[in-house]
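With the sequences and hints as input, model every part of the structure.
One line per chain: the protein sequences are A and B, in this order.
All residue numbers in the first sequence are consecutive under numbering that gives the first Met the number 0, ending with 280.
All residue numbers in the second sequence are consecutive under numbering that gives the first Met the number 0, ending with 249.
Keep in mind the hints are simulated off the structure, nothing from the lab.
Predicted, not measured: the structure shown is a model, and the values here were computed from it.
Heads up, a few of these hints could be off.
Pair ranges (Cβ atoms, derived) [unchecked claim]:
hint	chain 1	residue 1	chain 2	residue 2	range
1	B	Tyr78	A	Ala263	28 to 34 Å
2	A	Thr99	B	Lys76	20 to 26 Å
3	A	Leu145	B	Arg95	32 to 38 Å
4	A	Arg273	B	Glu101	50 to 56 Å
5	B	Ile62	A	Leu220	44 to 50 Å
6	B	Gln170	A	Leu269	43 to 49 Å
7	B	Glu162	A	Glu178	35 to 41 Å
8	A	Leu220	B	Ile158	35 to 41 Å
9	B	Gln170	A	Leu220	35 to 41 Å
10	A	Ile102	B	Ile15	22 to 28 Å
Virtual Cβ for every residue (Gly too), placed ideally from N, Cα, C.
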Amino acid sequence: MTFPENPPSIGMTEWLDDFLLRSVLAGLIMVVIAAPMGCLMVWQRLAFLSDTLGHAAVFGVGIGLMLQVVPIFGVLAVALLIVFSLSRVSNFNSALSETTLAIISHTGLAGGIILVGLLPAQAVNLESILFGDLLATTATDLLHMLVTTVVLLVLLVHHWRAFVALSVSREIAQAEGVEVRKLQFLMYAMIALLVAVMMQVMGVLLIAAMLVIPTTSARLLSRGPEQMVALSALYGLGALAGGMTSSYHFDWQTGPAIVVSASALLLATLALSRVLRNQPR
Amino acid sequence: MSDDLLLRARDVSYGIGGRQILDCVSFELGPSQITTIIGPNGAGKSTLANIVTGLISNFEGEIERRPGMRIGFLPQKVYVNTLMPLTVERLLRLTRNPGAGEIDHALAQTEVGYLKQRQVRSLSEGELKRVLLARTTLGNPDLIVLDEPTSGVDVTGEIRMYELIGELRSQLQCAVLLVSHDLHLVMSQTDQVLCLNQHLCCSGLPESVSKHPEYLALFGQKAADSIAIYTHHHDHLHDVSGEPAEHRHD
Chain A
0 MTFPENPPSI GMTEWLDDFL LRSVLAGLIM VVIAAPMGCL MVWQRLAFLS
50 DTLGHAAVFG VGIGLMLQVV PIFGVLAVAL LIVFSLSRVS NFNSALSETT
100 LAIISHTGLA GGIILVGLLP AQAVNLESIL FGDLLATTAT DLLHMLVTTV
150 VLLVLLVHHW RAFVALSVSR EIAQAEGVEV RKLQFLMYAM IALLVAVMMQ
200 VMGVLLIAAM LVIPTTSARL LSRGPEQMVA LSALYGLGAL AGGMTSSYHF
250 DWQTGPAIVV SASALLLATL ALSRVLRNQP R
Chain B
0 MSDDLLLRAR DVSYGIGGRQ ILDCVSFELG PSQITTIIGP NGAGKSTLAN
50 IVTGLISNFE GEIERRPGMR IGFLPQKVYV NTLMPLTVER LLRLTRNPGA
100 GEIDHALAQT EVGYLKQRQV RSLSEGELKR VLLARTTLGN PDLIVLDEPT
150 SGVDVTGEIR MYELIGELRS QLQCAVLLVS HDLHLVMSQT DQVLCLNQHL
200 CCSGLPESVS KHPEYLALFG QKAADSIAIY THHHDHLHDV SGEPAEHRHD
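Here it is in structure tokens:
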């Protein structure tokens with residue numbers, strides 16, 4: 000969605016009424032939680048999992064609407080089901096197979112499109128599932144995102160050392176008392192929760208991009224895991240600012256504009272790190 | 000369990016997917032003792048190491064450990080996450096919180112103090128093995144389990160690695176359980192050899208194991224000869240060129 004010519008009802012007294020403020024807040028919340036979650040996912044080669052969950056979430060939306068419950072519950076149910084089956088079948092000594100993820104992704108998307116097709120045409124907007132609608136963030140969306148983010152942050156802080164150990168080496172972590180299976184499942188479940196809640200506003204594509212692209216930029220300049228998380232958040236902020244500004248000035252769609260800004264920052268960082276590397280130390 | 004024992008394994012069996020990997024293996028580990036597990040590929044060496052460290056728990060039989068025993072472990076395949084920015088120092092702090100002095104000391108012991116601030120992903124395989132060996136010594140372990148610590152290390156590095164392991168044993172007063180497929184280099188510092196091929200073929204001092212018929216059947220006469228040559232070479236009982244004729248069986 001682009002910025003409307005005449006923004007609807009900007010009530011300056013009720014500051015949460017401002018659609019711009021709500022979308023900026025939503026973006027900020029996303030950046031805060033995408034940084035640590037994205038780092039963990041990139042480290043554990045799970046970048047594609049958010050894509051898979053997001054695509055399969057279309058199926059969840061369909062089910063939610065068919066059963067006439069709030070779509071987010073359908074999405075969460077499907078995402079958790081996938082995560083649970085993955086934790087059962089996947090070989091815990093190796094990363095999830097990209098083939099498995101791709102199959103689930105495509106099947107979920109296809110099944111979801113069929114379900115959605117059976118529903119009345121106005122019931123669901125496929126485009127908004129995929130691309131989201133940051134500028135249409137409601138106060139309820141914000142509340143959902145905020146609660147989810149707080150829950151995830153608490154879990155992250157509590158298990159951070161173990162999560163990092165698991166990412167560095169599953170074998171070492173396990174040998175030194177980290178409950179690898181439990182922790183791995185917890186992490187999948189956290190990703191499921193993240194994607195299910197964030198996709199309401201961000202759309203599948205934006206959330207997947209925000210988990211991976213700023214993180215990759217940060218990796219080029221970091222010396223330690225925590226530094227990479229902090230830099231990821233900064234890159235996320237940069238992408239958010241760049242995306243919203245260009246969306247405002249050039250009338251670009253907001254979600255894609257954020258993704259493109261994130262990628263532009265990545266390219267700039269790649270160039271910068273190449274220059275730095277070629278300099279004598 | 001008596002005080003002069005660190006660990007006792009009794010009739011340990013383990014199978015996965017209908018395939019028997021270990022069959023009634025029994026052995027004991029004493030304090031400050033170097034034990035080497037040898038055996039062909041697929042003999043269950045790593046499985047046994049994983050059972051000793053507690054990584055595998057759904058085995059049959061019994062493992063008795065001295066209460067409060069601390070284990071340092073170097074797994075066979077350590078997949079180093081190249082996607083992660085991580086200094087050597089941070090790698091040593093991964094699951095524990097050793098002091099700066101302890102980290103410096105551990106790295107110095109395996110002669111890699113200069114790597115402390117390097118990124119783990121930039122290390123060579125030999126450097127990484129030494130860093131991981133240093134890691135196993137943190138927290139004063141009673142036993143360090145090393146699963147093929149020299150894979151990916153060149154021959155000179157390999158000899159030095161075994162010397163380092165011997166030095167660590169005397170400095171830390173800890174027992175060492177070593178999994179190895181390089182037969183002749185391992186032997187010299189070893190107190191006990193466990194020759195494994197799903198079941199325990201034979202065990203004991205290196206010399207006696209290398210003469211055991213089951214050992215010879217597994218590894219052949221050539222391997223047995225090279226062990227004999229190496230031990231004698233090491234003990235300087237003969238000229239460097241001298242063939243230790245009394246150990247030749249052919």
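(request) Identify every previously stated hint that the structure contradicts and give their numbers, smallest first. (result) Violated hint: only 4; rest satisfied.
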